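Each number in our numbering corresponds to the 1-based position in the sequence shown with 537 added.
FYI, nobody ran anything at the bench for these hints, they're computed from the structure. Owing to the predicted nature of the structure, the values given are computational and were not obtained by experimental measurement. Each residue gets a CB set at the ideal place from its N, CA and C atoms; glycine is no exception. Some clues are possibly wrong.
Capping the alpha-carbon separation at 25 Å, the derived lysine-lysine pairs in DSS-like fashion look like this [what the hints assert, rightly or not]:
hint	residue 1	residue 2
1	650	681
2	750	681
3	702	752
4	836	886
What follows is a list of derived Cβ distance ranges for each label pair [as the list claims (entries may be wrong)]:
hint	residue 1	residue 2	range
5	714	856	34 to 44 Å
6	769	612	47 to 57 Å
7	711	943	22 to 32 Å
8	895	662	15 to 25 Å
9	832	895	51 to 61 Å
10	943	894	18 to 28 Å
11	895	656	25 to 35 Å
12	804	836	42 to 52 Å
13	834	633	36 to 46 Å
14	895	804	44 to 54 Å
15	725	772	20 to 30 Å
16	772	688	41 to 51 Å
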Amino acid sequence: MTVRQISAAYALRSTERGLDSDDLINEAETAIQDICYPFTSVIDGRETFEDTDEACEHAVRNWVYHLTSIEVPEDDILELLNEFISSLSFVHWAEFVVGDSDDFAVPFLTRNKLSRWLSTLPGSSKILVDISRYFEKPCTTLSKHYNAEGRDMELQWLCLYRLAKYFILGDYRRAHPVLQQIVEGLAGLLGPENSLTLRVKTDYATLLFSERKMKEAQDIFVEIWDIQREASPESTAPYNTLAYAGRSSYYMTDFELSKQQQQQAYGLLGSRVHGRDDGLCPMSLTARGQSERMLGDLKSARETLQQAWESRLRLWDLSRPNVIDIAIHLLIAYRESGLLDEAQAIISKLDITKIRKEQYLRHGQLTHIRRLLLYDDRDGELAIALLQQLLNDNKEGKEGNNRWLMWVRLSLAKIMTEHDQANEALGLLENIIRKEASYTGDLAERKRIANGFTKAIFFGFQQAGLRRKLG
């Protein structure tokens, strides 16, 4: 069973050619002759498939679009699809499209398209196709085959590595046990310092980082870095690993260690091998500047972030997300240093209108900072009105309680408390916990804890405001 046969089978159902179905070949095994209209020719009044590499590649790349255009597929088409996505031919197809597009998202997007299409079919048709183990079943089957064959023992782990990459895109929690299994298998087969073992181990540590398991991730990153700096000192791999270790330290609030790790990571790249404007250098500088700011060393933080900002501007224009991100960190450092004019100078360089159209979250963060600068400039009433307007403009839909709007709530509550609007401030922090469809726990208990926490924050604001009045 091949992709070509799948493509052929549903191409037969296409009505775009205006031909009666009896004029076409109906057997799936020979239907490749009519795979796609652009690659057919008419001989004696009949369309005939031109068996070319171009035609076959077209089928491989586009079969899912042809298939999902069929509103009422026949059972044999669905059975053919189910057989294909469960077979080893599917692995062959996945390898081709990943290599062809250099994008591992293609198999993932194909599954989404199939899933949406199947959801529109009647129940009797849906049960003919099982996509619950899409990608997983053929990969694990092939891995077991290579293990049983016993000739090239790496192949069984490479099959599972492909599966882990797929899971990372769609459901990273399912990737966790697979990557852990591969790391253990490769370490036993090739050794813990082998480059393939280290690559998979780095992916595993990165996954732990994304799961917020910072201590576990940091330990593995440091372990990998110790090996990489000896084995490949002139590559970017040791930098990436140490930079991730530094980020793990930052999120564990070990800002001093994070600063040291990022400084050392920058030193690995800011050399004659890579140069100060290597695209990775500003990332390390930005992370270091954040740690310096958290440590209260605002002068060093400004200098480090300014260096990162200038480096990014030499590489990219002001509209790039990574440039805007550094601008946000630099604005925070200027504001905390009381350098309001310098902060306004950064804002004046940004195209706020363009950012608002293209980058919703970053525009919100910038707007938040701009409102706080008004407050710092002794225009508290205007700052309150504009921050409240910012919340009102974004209260609908899934974005209503996102992370940056939570920070807006906290800032607004603090300012309102200092302007004798305590009741209004408390209202901003209540009832912000909502039940999701997937949550099965005790929502009342969560709300009780959350409301207690917000009241504690509110009390802190009141105490700070009282101290300011008395001081």
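Structure-based check of all given hints:
1. 650 x 681: The hint is violated at about 29 Å.
2. 750 x 681: At roughly 31 Å apart (the allowed maximum being 25 Å), residue 681 and residue 750 break the hint.
3. 702 x 752: holds (23 Å)
4. 836 x 886: Answer holds: residue 836 to residue 886 is near 22 Å, not above 25 Å.
5. 714 x 856: 34 to 44 Å: With a Cβ separation near 41 Å, residue 714 and residue 856 satisfy 34 to 44 Å, so the hint holds.
6. 769 x 612: 47 to 57 Å: Holds, since residue 769 and residue 612 (Cβ atoms, about 55 Å apart) stay within the stated range.
7. 711 x 943: 22 to 32 Å: With Cβ atoms ~29 Å apart, the hint holds.
8. 895 x 662: 15 to 25 Å: violated (41 Å)
9. 832 x 895: 51 to 61 Å: violated (34 Å)
10. 943 x 894: 18 to 28 Å: holds (24 Å)
11. 895 x 656: 25 to 35 Å: Check passed, 31 Å falls within 25 to 35 Å.
12. 804 x 836: 42 to 52 Å: Distance hint for residue 804, residue 836 is violated at roughly 21 Å.
13. 834 x 633: 36 to 46 Å: Because 53 Å falls outside the window, the suggested range is violated.
14. 895 x 804: 44 to 54 Å: violated (35 Å)
15. 725 x 772: 20 to 30 Å: holds (25 Å)
16. 772 x 688: 41 to 51 Å: violated (31 Å)
The structure shown violates the earlier hints numbered 1, 2, 8, 9, 12, 13, 14 and 16.
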